[in-house]
Amino acid sequence: MTTFSYNFDTEVFRQKVSFPTGIFINNEFRKGSDATEIDVINPTTGKTITKVSEATKADVDDAVRAARKAFQTVWGLNMPGSDRSRLLGKLADLMEAHSDELAALEALDNGKTFGWAKTVDVTAAIECIRYYAGWADKVHGKTIETSEAKLAYTRHEPIGVAGQIIPWNFPLLMMTWKIGPALATGCAVVLKPSEFTPLSALRMCSLIQEAGFPAGVVNVVVGYGSTTGQAIAEHMDIDKVAFTGSTLVGRKIQEAAAKSNLKNVTLELGGKSPNIIFDDADLEQAVNWAAFGIFWNHGQACCAGSRIFVQEGIYDKFLEAFTKKALEIKLGDPFKQGSYQGPQVSQIQYDRIMAYIQSGKEQGAQVHVGGERFGTEGYWIKPTIFTNTTPDMKIVREEIFGPVGVVIKFQDEEDVVRQANDTTYGLAAAVFSQNITRALKVAHRLQAGTAWINCYNQIHCQVPFGGYKQSGVGRELGEYALENYTAVKAVHVNLGHTI
Amino acid sequence: MTTFTHEFDTPVFKKKVSFPTGIFINNEFSAGVNNTTIDLVNPTTGQVVAQVSEGMPADVDRAVAAARKAFETTWGLNTPGFDRGRLLTRLADLMEENMDELAALDAFDNGKSFMMARHGDVPFSISVIRYFAGWADKNHGQTIETTEAKFAYTRHEPVGVCGQIIPWNFPLLMMVSKIGPALATGCTVVLKPSEVTPLTALRMAQLIVAAGFPPGVVNIVVGYGSTVGQAIAEHLGIDKVSFTGSTVVGRKILEASAKSNLKKVTLELGGKSPSIVFDDADLDQAVKWVALGIFGNAGQACVAGSRIFIQEGIYDKFLEAFTKHATSIKLGDPFRADSQQGPQVSQIQYDRVMGYINSGKEQGAKVHTGGSRHGNLGYWIQPTIFTDVRPDMKIVREEIFGPVGVVIKFKDEDDVVRQANDTLYGLAAAVFTKDIKRAVETANRVQAGTVWVNSMMSGNVQIPFGGYKQSGIGRENGEAALAEYTNVKAVHVNLGHTL
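Residue numbers (the numbering used here), protein chains in the order written: chain A, 3 to 501; chain B, 905 to 1403.
Hints are not guaranteed to be accurate.
[Stated by the list, open to error] Below, in silico cross-link-like pairs of lysine-lysine (BS3-like), each with a Cα-Cα straight-line distance of 27 angstroms or less:
1) B:LYS1221 x B:LYS1054
2) A:LYS144 x A:LYS319
3) A:LYS140 x B:LYS1054
4) B:LYS1338 x A:LYS144
5) B:LYS1163 x A:LYS140
6) A:LYS254 x B:LYS1054
7) B:LYS1163 x A:LYS59
8) A:LYS411 x A:LYS384
9) A:LYS443 x B:LYS1042
10) B:LYS1338 x A:LYS140
11) B:LYS1054 x A:LYS120
12) A:LYS71 x B:LYS1042
It is worth saying that the hints were derived from the structure and are not from the lab.
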């Protein structure tokens, strides 16, 4: 069985880490049933860091069996919500005790800087677990008045075994967004991390066990989408699948659910989110937020503000300041003090983004800044801004998932709302304006599940997040996420209606 | 363009009725683009009695365009909730003024008794519209605390254009259960009634116009599942599809959504619901409720209590009383005041049910009573009880959708809960006992979206309704229905976080 041992000896983090990286079922690590392994690549060098065990369809079956057994015996409603809450609280405490280590694993695996991983990813992940710990004993149904001859009430029961498939852009955070509400409501979990970034999830397995979660409550199976992911989506004994990733794969998940057992499906998919900056915006803040909106996490965010609409009155001033900001971004090793942007996560992603940049050039857009590789090793791409685009260009319509923004001039509110909504996506949007009426009215008209006013990429576990249109189905975070993991049962008790 | 004209001259209803039966778009009736018609067959005689215009995919396109335009201009959030509520109330008032006619049309089309329609279906339908009228201006979002540097709130916005596909078993009731929450939340509708029972929906179209709904808010396209239904499920201009019908077709709807635009999907599908009678049940009442559960509506109900579990202590007494009751049910013309059971809805359904009865005989079950056709005209089937069944028989596992129940003896709570849950379905269940602990515990343990204690088929619009497992996705009725027709948008207003 595989183990990951690594000596971190860097400016920002020094520690020797070592933990098992097998398939995690029933609180134990083991080899995959085929004894095959997956290489984990360091995106700063393109070289293999380690190998982890690969899960097969048979391993998924074992995981589901373990989850089902736990759900029926020691988990589900067999453990009171307040006890589920304590276990989640303990897990959060353990994450906090190991926060630097988790941040370092994230940076090593994904390529994001240690600084960002520590201050955002790990911090938010801990907050998410604590938040759902608080919900665990507050999953309320209703009593419903009809007549005095009936007592009618609802129970919000845990739906059962949840299959959860997460992406590589925020590995640890995405894991907590999924397991938080699932465990709080009493579901048992079979989680597939991305095969590109499995390390933090595998480290979490040891913490989950240490926190005291019973065997089978959380099972982690690292594998490829086409095998392990597909096995989850079509499994006859999984009650619900939650997927975050591309729209293309999201469709396959829903189709597999339809063809197997009609399991419930929630999807968090792609986006091409508009960032709209009006003449009366606070220019400096708008520039800073716009840069954060598209360049943070190397543009690898589903809600990235990748179409930046700037009103004609401040277009030139904005573009000048925005360009300056883009050029100031420090690309560098994730473990060097002062680095802001690391490499893209993999060769595949690098090639994809470069191809989009190429298509932008070919279709006649202007590379205002960037547009090429950075350095000679690893997958860095320079922060890139395109101008002089037309609405039909691929770089304007399709999700690039890299540090590449298009800047588009607009005239007025009607014009920009029409352009902003002219997309099959609907994940997020932002409006920059100091005028309260304009800011709120535009935010209300945008077809997006999150609308930011005078900020960007601000996510809180208390506030729901999810897509309109082809950006997804269902909402994560907030109280809303509990619905994804509960089945509503209505009980009608007859108190006097005879026939 | 077609018109339905009929002189009702019956003991329970006398009136000449006449109304258009074209495709209903933008508050107007017209022929379908193909100018073809669908025959309506009277299930009491098997004769064709009328034609209605047949809709095709091109008619669905027209309807969607009308619905989209209305949503963006005269409906959606352009009409305040209070006003949407008033229009719904007006519709309910008009339905009340026309109760007899609506009941007669459902009885004529579906074969259910006029008395059942007049005292069950139609009043219930009116209550559904009145109930959702009350919700129209109470579709609340949340304000959510994060920090004082942010104002975060959610809006529950109408999803947009909704495709709604309804079955033939409760034609009017199914229509209002769908349009009620959709219109209350501000959605516009493209409704496909069953081509077998379109008359009440088409009469409702006139009432919708008379109530004052703007053109395009409700559109009705009668057609076949494979043409009109499929066109709705895969339409790129429809934001959400809601379907009630068989599990087989439900899968196709979910798949079509995955392959088209990932439109939101809710499904109300089939069932094989257990009625569980313990030794200490009130025997007389249990017999009556259980009989209603399987023979009501000629067994054509998704919640039919088709597997009847009787505890060994009262098995013989129950079976005797139940059989006596079954044989006393009056099968007769829907328009006779004393008729309690009408024909099955169509030749196809008649053949299907008789096919299951034959399979029961062939697989070795005992026909305790019934098991044959009633009369020699129309599609009547005798109330049928099978005993001496095995769990693997088709009549025990598959949904028959006719007046055919299987009676099974059981020992104790654990035994019956195991048997009751041994099914892919999970729509409803009933428990008959006087013991409070046993009642609540059994209700908790049975995997079903609705559990009746000491009653059956007792629905109220205030209480959510839907399936566990392969009986469906989502909930109708109650406040829960509103969530199916709204998109949650989270708005984050920055009040001081600068970069």
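Can you give the numbers of the hints that this structure goes against, from lowest to highest?
Of the numbered hints, 1, 2, 5, 6, 10, 12 do not hold.
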